[in-house]
Amino acid sequence: MITIAVNGVKRQVQASADTPLLYVLRNDLELSGPQFGCGLAQCGACSVLLNGKEVRSCITTLGSVAGKEVTTLEGLPARWAKQKGLSEADAAKTLHPVQEAWIAEQTPLCGFCQNGMMIKATELLERVTSPSVAEIKEAFTTSGPSPHLCRCGSYTAIIQAVQRAAGTMATKRSEA
Amino acid sequence: MSTSTYVFGDVFGAAFSRRGFVKAGGVLLAGFGLVGQKGSAATVDALNPARLESWIEIHEDNTILIRTGKSDFGQGTIFTAYRQIVAEELGVPFEAITTVISGDTDRTPDGGGTFDLLMHGMPNLRKAAAYVHQALLDLAAQRLGLAKDQLAVRGGVVSGVGKSVSLGDLVKGQTLNLTIPVRGDLTSMFGLTVDGNPPLKPVSEYTIVGRSFPNSATVSKVTAKETWVSDVRLPGMLHARMVHPKTLGSKLVAAGTLDKTKFPNAQVVVKGNLVGVVAPTEWEAIKATQQVAAGTRWADWKGLPGDERLFQFLKEDADWKTAPVASSRTNKGDVAAAMANSPKKLAATYQLPYLKHAPIGPTMAVADVRTDGNVYVYTHTQNPQALRSGIAKMLQTSVDHVVVRTFAGAGHYGRSNGGNAGAEDEAVILSQAVGRPVRVQWTRQDDLQWSTQSSAAISDVQLSVDANGKLSGYEIKHYMPAMQDDRLVGAVLAGLPTIPAPNEVGSLFGVANAMHDPWVYEATPAVLEQAYGTGQVGQSSSPLNVGLRDHSLRTPGQYQQNFPREVAITEAAVLAGADPLQFRIEHAREKRLIGVLEAVRENSGWETRSARPAVSNGVGRGQGVSVMFRSGTYWACVAQITVNLTSGAIKVEKITVAVDPGIVINPAQLKRQVEGGTVMGVSIALLEELHFDESGVTSSDWRSYPIATMADLPEIKVVMLHNPQVGTYGQGSEAANALAGPAIASAFFDVTGKAARRLPLKADYVKGLLKA
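Protein chains in written order, with this note's numbering: chain Y, 1 to 176; chain P, 1 to 772.
It should be emphasised that the hints constitute simulated quantities derived from the structure, not laboratory data. Check each hint, because a few of them may be wrong.
Stated by the list, open to error - Straight-line alpha carbon distances no greater than 30 Å define the calculated DSSO-like cross-link-like pairs of lysine-lysine that follow:
(1) P:225 to Y:53
(2) P:225 to Y:93
(3) P:201 to Y:84
(4) P:767 to P:754
(5) P:315 to P:246
(6) P:225 to Y:172
(7) P:287 to Y:10
(8) P:271 to P:287
(9) Y:53 to P:287
(10) P:260 to P:287
(11) Y:10 to P:225
(12) P:225 to Y:68
(13) Y:68 to P:287
(14) Y:53 to Y:82
(15) P:225 to Y:82
Construct the complete structure from the given sequences, taking the supplied hints into account.
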């Protein structure tokens, strides 16, 4: 039995330490945000935040995340609520500004890659409050183990959603 | 279903009946009856006789449910345009349509593929809604004691002469059935089509079509609440991975074995040349499969030309004589005479490689073959009814015993429009073998090496330009292997029955090619367009009967024909000393085509000129244009690129696309579709090419089959031309991916004066062109 912290909750998992985190999240913890895209850390569909850094859960072993904080797409609203110090009641109603921007910009086409895109956007916006287009492109292509791939071609919509989210996060931070 | 007791009326050929009065609730159900079989439902589902198969349900609380056999593949059409079209015809608010049920073979009425979603302006749901609208008017006329023509429906309320009733109140306390006439075969590739001609709402009265409503599927996908096909878990389900043959012609010699001490719960399944491994957990299945794969022995086979010899093979070795030749209906004049009488001529060959659909998620499916003989398949397919038929054929059972349920999944751009994405049949075979539900997940490598590909093609062009600088004669001969192999590949490997391969007797499409790209330069006096077909490369010599299986991919066939035509037209313009965009306008007659060309000229910063631009610091900057007419929609595209004349590197700086679909149904969604298609087009133009050797596909991951990343993203400008007077709507989820390639190749010609007559424009190919 291995204990890991996912979305702020300690979870016990009955799987071998060499099991890729992706299968633990999807099959044992029934979290459906991260998707299997390649199993090779070449696409980003399976991304999660590990201590705030975007990693590919398909090549991250269960054993290696013990003692670290895993955040999946499901955990983004609570992560934002905690950062902003929202009450429990408000936290339950909120989405992460990245998710709100993804909806407002109608970013997903098939949507299968967008888990990784939103995770990457969250990592970027926690580091850079108002990224330029060049910085966004850098984040989604050269900053990780591989570029984040979208076969439907939603890159324009992703950039617009990141910029929208940056705007709302700046506003909401100043309100806090 | 029981027959109705009281015929309420006849609505433009649809039978309208009241099946009874009820104390609570009330509903109007718009189902279907096959033309010529009055009173009988088109199909009976033995699994669930109480199934609901209506296109449209009006409920007493004024909510409306719609059903479609189509699935969503990222177009959003069934969640946006379909709701808008139905709301428009019924006269209800968009928001009244609260539920969209799609794709499931036991819960949706019409079948057919998720292609041509708008059916040239007449999707089944539009006609179904028009019938329902008439039936509601009949009901209201009786209720209010008014004539039908005194009534109108607005905002979900029927009113006239000071009286009104809501649609919900009209159906309250009753169960009403409207049986709409249909034609076709439910489980064929094309499904059922609504028949008859109910009156349609005049376009001039539209208030919902034309507005940007959001896609109702977006929120669940963004908040991780969607049930993706990858989330389907059944009680007792086993995970599986496949051990696919070593080559596209390798028969199984001996399957590898499992070390039961290491994998106590895993199991190898072998059927013919099909090898799979199942286990209770996914990780055990993966590791056990690696062990089995390492020990499995296959016969060797070499029967492919290899990608380096592909075009030589197609030109010299392939049989183009057996299949009937397709000729364009717009052929005219005497091209040979025009060529003889014109001072300037061009003869050239254009080549396009095989491409992959390359979904971001490799194909996967869950199957449950039950002891009672019923089969449930859970998947993401563009044609669930055709898959149902294919699975029934494989198992030699009736379609009544097969249910296909569809879920959200990774878009795959046409791969499953004939039913099969790849893993479904394998899941069924494994489930049947082990007596448990089985989830088959293909790996990235499986998905690149064992799925179908978009056909390679070559085209020979001859054209002439007269003394006035006009295109005087144009001839193109297209050569493309058979495009539509919808056989279930797992069934083929297992030696189970399937539909015929394209080169076999009884194939729906056969090996013949067709003219897919309509001619649009109507001012040209002499035109000869022909299309030649052949079998799939390697298939007939493969002991497995597979070879390089081909399948339609977004803008199928037309992409392969439009690229050579549009690059050749640019070359003709340069031969004439003309500006390539103005040259196109001067050879067009259709106003909508001229309209999109003028729109891209105005919006792209196009420089009207006939000379090549200057090169500075070894980097040239140029512009190119392309056009297409597809599915009732006119398109034009301008690409502005830079070429590094030393390294051969091409950077696409800006793409401008103008689209005239007639009526623009949903501007925001159309814009996103065009942007997405454009990115795929840039990807195809610069990066994509299937690699294969003499034995099989060697592209195995995203490094060996690269696609565009955000770094490759140009500025994209979309200009939508709303033309309501056209009276109907074309569609926007295709074509955009085919426009960028010829525009970029034309821009390359503008920069360098060297014609790029094949894609992709990778640095080595470009450097070779620059040296020539």
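Hints and how they fare:
The straight-line distance between the Cα atoms of residue 225 (chain P) and residue 53 (chain Y) is roughly 23 Å, inside the 30 Å bound, and the hint therefore holds. For the hint pairing residue 225 (chain P) with residue 93 (chain Y), the CA-to-CA distance comes to about 15 Å; that is within 30 Å, so the pair holds. This hinted pair does not check out: residue 201 (chain P) and residue 84 (chain Y) have alpha carbons roughly 51 Å apart, beyond 30 Å. Restraint check for residue 767 (chain P) and residue 754 (chain P): satisfied, since their Cα atoms lie roughly 11 Å apart, inside the 30 Å limit.
Note on residue 315 (chain P) and residue 246 (chain P): the hinted pairing holds, with a Cα-Cα distance of about 28 Å set against a maximum of 30 Å. For the hint pairing residue 225 (chain P) with residue 172 (chain Y), the CA-to-CA distance comes to about 25 Å; that is within 30 Å, so the pair holds. A threshold of 30 Å between alpha carbons decides the hint, and for residue 287 (chain P) with residue 10 (chain Y) the separation of about 28 Å falls inside it, so the pair holds. Of the supplied pair hints, the one linking residue 271 (chain P) and residue 287 (chain P) holds, its CA atoms being roughly 21 Å apart against a limit of 30 Å.
With a CA separation close to 28 Å, the supplied pair residue 53 (chain Y) and residue 287 (chain P) stays within the 30 Å bound. Straight-line distance between C-alpha atoms of residue 260 (chain P) and residue 287 (chain P) comes to about 12 Å, which keeps the hinted pair within the 30 Å bound. Among the hinted pairs, residue 10 (chain Y) with residue 225 (chain P) is consistent with the structure: their alpha-carbon atoms are about 21 Å apart, no more than 30 Å. Taking the CA atoms of residue 225 (chain P) and residue 68 (chain Y), the gap is near 25 Å; set against the 30 Å cutoff, the hint holds.
At roughly 26 Å between alpha-carbon atoms, residue 68 (chain Y) and residue 287 (chain P) fall within 30 Å of each other, so this suggested pair holds. At most 30 Å may separate the alpha-carbon atoms for a hinted pair to count; residue 53 (chain Y) and residue 82 (chain Y) meet this at roughly 17 Å. For the suggested pair residue 225 (chain P) and residue 82 (chain Y), the alpha carbons sit about 21 Å apart, so the restraint of at most 30 Å is met.
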